[in-house]
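Asker: Protein chains in written order, with the working numbering: chain E, 1 to 514; chain P, 1 to 514.
Please note that the accuracy of each hint is not assured.
Remember, identical chains collapse to one label, so a pair may be satisfied in a single copy or spanning two.
[Claimed, not checked] Here are the simulated DSS-like pairs of lysine-lysine, each with C-alpha atoms no more than 27 Å apart in a straight line:
| id | residue 1 | residue 2 |
| --- | --- | --- |
| 1 | K31 | K69 |
| 2 | K57 | K310 |
| 3 | K144 | K57 |
| 4 | K31 | K252 |
| 5 | K361 | K446 |
| 6 | K144 | K446 |
Just so you know, these hints were derived from the structure itself, not from any lab.
Number of protein chains: 2
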Amino acid sequence: MDTKTAGWVTDVRLTPPSLDDNTADTDRLKKALARHIGVDDVIADPVSLRDLPRNLKQWGYRCRCAYFKNGGCFHLIDVQNPENPNPFAGIAVDLGTTRVVMEMINLADGASIVQHAFDNPQGEIGPDILERVHFADTPGGLIKLHRLIVDAINGRIGRMCEEAGIPRSRVCLMAVAGNTAMTHLFANLDPHGIIREPYIPAANTFGAIRSSSLGIEMGLNGRVFVFPNVGSYFGGDLIAGAVHAGFHESEKISLLVDVGTNAEVLLGNREWLVACAGAAGPALEGGVSEIGMTAGPGVIDTVSIDPETKTFHIGTIEEMPPLGICGSGMIDLAAALFLSGMLDIRGRLVPGACGARYGEKDGVGHVVLVSQENSATGEELVISQVDIDSLIRSKAAMYTILETILGYVGIDFSDIGVFYVAGTFGSFIKPRSAISIGMIPDLPEKTYQSLGNSSLKGAVRLLSERAVMDHIDSVRDRITYLELNVNQDFMNRFSAAKFLPHTDRSRFPSVQAG
Amino acid sequence: MDTKTAGWVTDVRLTPPSLDDNTADTDRLKKALARHIGVDDVIADPVSLRDLPRNLKQWGYRCRCAYFKNGGCFHLIDVQNPENPNPFAGIAVDLGTTRVVMEMINLADGASIVQHAFDNPQGEIGPDILERVHFADTPGGLIKLHRLIVDAINGRIGRMCEEAGIPRSRVCLMAVAGNTAMTHLFANLDPHGIIREPYIPAANTFGAIRSSSLGIEMGLNGRVFVFPNVGSYFGGDLIAGAVHAGFHESEKISLLVDVGTNAEVLLGNREWLVACAGAAGPALEGGVSEIGMTAGPGVIDTVSIDPETKTFHIGTIEEMPPLGICGSGMIDLAAALFLSGMLDIRGRLVPGACGARYGEKDGVGHVVLVSQENSATGEELVISQVDIDSLIRSKAAMYTILETILGYVGIDFSDIGVFYVAGTFGSFIKPRSAISIGMIPDLPEKTYQSLGNSSLKGAVRLLSERAVMDHIDSVRDRITYLELNVNQDFMNRFSAAKFLPHTDRSRFPSVQAG
Chain E
1 MDTKTAGWVT DVRLTPPSLD DNTADTDRLK KALARHIGVD DVIADPVSLR
51 DLPRNLKQWG YRCRCAYFKN GGCFHLIDVQ NPENPNPFAG IAVDLGTTRV
101 VMEMINLADG ASIVQHAFDN PQGEIGPDIL ERVHFADTPG GLIKLHRLIV
151 DAINGRIGRM CEEAGIPRSR VCLMAVAGNT AMTHLFANLD PHGIIREPYI
201 PAANTFGAIR SSSLGIEMGL NGRVFVFPNV GSYFGGDLIA GAVHAGFHES
251 EKISLLVDVG TNAEVLLGNR EWLVACAGAA GPALEGGVSE IGMTAGPGVI
301 DTVSIDPETK TFHIGTIEEM PPLGICGSGM IDLAAALFLS GMLDIRGRLV
351 PGACGARYGE KDGVGHVVLV SQENSATGEE LVISQVDIDS LIRSKAAMYT
401 ILETILGYVG IDFSDIGVFY VAGTFGSFIK PRSAISIGMI PDLPEKTYQS
451 LGNSSLKGAV RLLSERAVMD HIDSVRDRIT YLELNVNQDF MNRFSAAKFL
501 PHTDRSRFPS VQAG
Chain P
1 MDTKTAGWVT DVRLTPPSLD DNTADTDRLK KALARHIGVD DVIADPVSLR
51 DLPRNLKQWG YRCRCAYFKN GGCFHLIDVQ NPENPNPFAG IAVDLGTTRV
101 VMEMINLADG ASIVQHAFDN PQGEIGPDIL ERVHFADTPG GLIKLHRLIV
151 DAINGRIGRM CEEAGIPRSR VCLMAVAGNT AMTHLFANLD PHGIIREPYI
201 PAANTFGAIR SSSLGIEMGL NGRVFVFPNV GSYFGGDLIA GAVHAGFHES
251 EKISLLVDVG TNAEVLLGNR EWLVACAGAA GPALEGGVSE IGMTAGPGVI
301 DTVSIDPETK TFHIGTIEEM PPLGICGSGM IDLAAALFLS GMLDIRGRLV
351 PGACGARYGE KDGVGHVVLV SQENSATGEE LVISQVDIDS LIRSKAAMYT
401 ILETILGYVG IDFSDIGVFY VAGTFGSFIK PRSAISIGMI PDLPEKTYQS
451 LGNSSLKGAV RLLSERAVMD HIDSVRDRIT YLELNVNQDF MNRFSAAKFL
501 PHTDRSRFPS VQAG
């Protein structure tokens, strides 16, 4: 990567003025910068360049420019002495409903400077989108939600600047990727229409908003780019993920899945894109099972069962005594139970195969995962038939959504070059286990790639590669959003997918259940 | 002019949202507006459109948009109920060194609403550019000059709104045309370089600045367009005049002259443009002669002398008793004196021909214009040989500048289709008189057109015709600025032009001196 031209910071050398070339200082700079970055024109507010004539002289007609693009026009953001040791900084923000992650980078070379993560303070209003959107409808509700997140971000900018030893005034750019509701609350826009038919957000595209109009405390002419959404259920976080995964560059057909309470799916390549979103069920977020929880120390994230001895091997995060189980742990567990014959193809626990681990309570079967003495809670950790049913509904929904979107486009799973799994959940999921229970198609394991925090990475990429800006809107504009009609056909496919791995075993040749 | 599409206000009808078209409200509006005005994209800050979802529903998905263009991008400024009786308003400003004129127009149809004129309050610092630029160099000087003009303009916006019964929030656009120094002071930019070699302004182009960054009190997203300058001595006021005169549209070669202490000249057509500026002498602004003054009630603006009886016919502004004489009066007087034989071809008063009106004081000849009893001052109004010499230097400078610029391009005066005379002075000058003394070439009188306040009119035109915006920068960019080298050749031509009308009488066949 050519650090001088790839990002949003460029060093510029100007021809000093003379009687033969009496172009004004601002215009001289604009022309030189436009030439350096290969564009026709750069917009600069001369009022904000009040000190330029004096500075240019002092700096020997060399300077470092930070700029950005909005709606096709390049805007000069700030100009500094090229010898200034403080870099121009940008901050990428993954604006999650639950968790917010911010990464400060050097805009000149894209290098990471410092990263912070914190719980979205709007959680005090309500843990999920629905509650917050309803709260926004109450008097003063929207502004309260807006201030909560903006204040938290402002506080973190301050701490990050302090840790990095960079003045706040040097933070020129921010790129924010979040779902449609979170970006609306961030921008103080009414989210009312997002959850109500016909599901109309206030804005799809935000562009590069002036930081002052959002109340974000950064450099004077700072700009905040908010990733655009496709609709109420397909947000800018996914567009950022798509950009990070390189959908705009790839000839191969890729599939991106962000799994959570909602499964969001993007399918396509640089030519075409189809997206859909559907309820995958809360089981994958650890929301249903009595011992389900989100990933954290002591949470079970891997389970394997020796097919011969039926011995359970249980792994926890940071190897702490087990507290509960997360979504990827549940998938592992279900796969292990199925492969060892403790779960039949209909997803029913097989008491005989479970042996001493099988139990019943109020007529509902369960399997003991961790004994009372080994558990961190002082109680047995058990997974009941109800928990398993819930997981199976989720996995069936996931598979059916994938089947539906591929069917809509008219391609087979074998046509998929890369299958990206995004989100925190995506970094933990083991494709082999998810394949075993028929949650995802039976593709070679190397087809599956975990993207990690793809929203954050997409936002970082925008701040470090100028060219990315040109792809964001074209990615967004090219997406055909497929409304999932839960009709009879969908329900038939869903029913077939509720088997382990599927009623049609030929679809999962690699899965050899015990 | 199609009032619905020509200006910066357009009524837009949107397709109401539905499950089949769930485009967000902001994006729906942007797309509809872009389609209505025939552009690819319109930039709208969603934060400033917070109330759009509710409003669109209430207004039946119809609205009135005010927008503007900056650096090639269209920006949405404000959206209103199309039934709102208050128009979106724009204010054109002729930012003169001495006098400021503001005109409020209805942006929907370009109709004038109210006009105000007032003395530039920076006059209290110094009457001319040089004094103000020096004052700007003193501590706190620039900000004081800036506040003086901005406060005055803000006050006038308030009064104009009150008189028109239009809320200040409805003032969306302002277009300011002024010389390079005045626009720098208006924008709080250091004018230091303008008057010092190599004569580098801080800015040539200003674009459409946010009103908030200038401290101009108007609508929330208001934009202030400042006409660009070509250099320190060819300002945005002349670009506005050029646009008003239609240089960008005309195939014919036109000449525009703005006469004052400086004579600014623009020559060309829609293909090419050459400009120059030179000192024409203060005589034309009434600054030298003892009785010279700027136009006002009681000021002599027309003089004729009966060639037979040598009777003087003197006209004053508003027919008040005579107080003094303005520039156009001086030209009339010199022409009348010359045509009646009282002034010879070298510009010397002829005592014999002047008769009783001739007098001398300290060995300097003079002619009595108004007797003591007819004068409003209680004293004789006389014009001395010194005053006449000064006028002749000015007229010779004017003619020499015109001769030089035409010579540079290689064309003759006869190639000029229209000769525009601009400025307040231009509205009073009588071409016949100016030709008689050889100040301007001997072209048919219909070639001469007075433009009146061409800066103001150019600014009004920009606010009422969208297409004009595209021509301003191209007019500015196409101008070749000709530095007047006061070399031997120039001095020779100047000397020849100091005769009445010229040493080469064949150039003025229509002038028949007495």
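Asker: Each hint needs a verdict: does it hold in this structure or not?
Answerer: Evaluation of the provided hints:
Taking identical chains as interchangeable, the C-alpha atoms of K31 and K69 lie at most 27 Å apart whether they share a chain (16 Å) or sit on different chains (20 Å). For the homomeric pair K57 and K310, neither the shortest alpha-carbon distance inside one copy (79 Å) nor that between copies (63 Å) is at most 27 Å. Taking the shortest alpha-carbon separations for K144 and K57, only the inter-copy value of 25 Å comes in at or below 27 Å, while the best intra-copy value is 47 Å. In this assembly of identical chains, K31 and K252 lie within 27 Å of each other by CA distance neither inside one copy nor across copies; the values are 40 Å within and 32 Å between.
Taking the closest pair of Cα atoms, K361 and K446 never come within 27 Å of each other, the shortest separation being 42 Å inside a single copy and 108 Å across copies. Taking the closest pair of Cα atoms, K144 and K446 never come within 27 Å of each other, the shortest separation being 46 Å inside a single copy and 69 Å across copies.
Going through the hint list in order, the structure does not satisfy hints 2, 4, 5 and 6.
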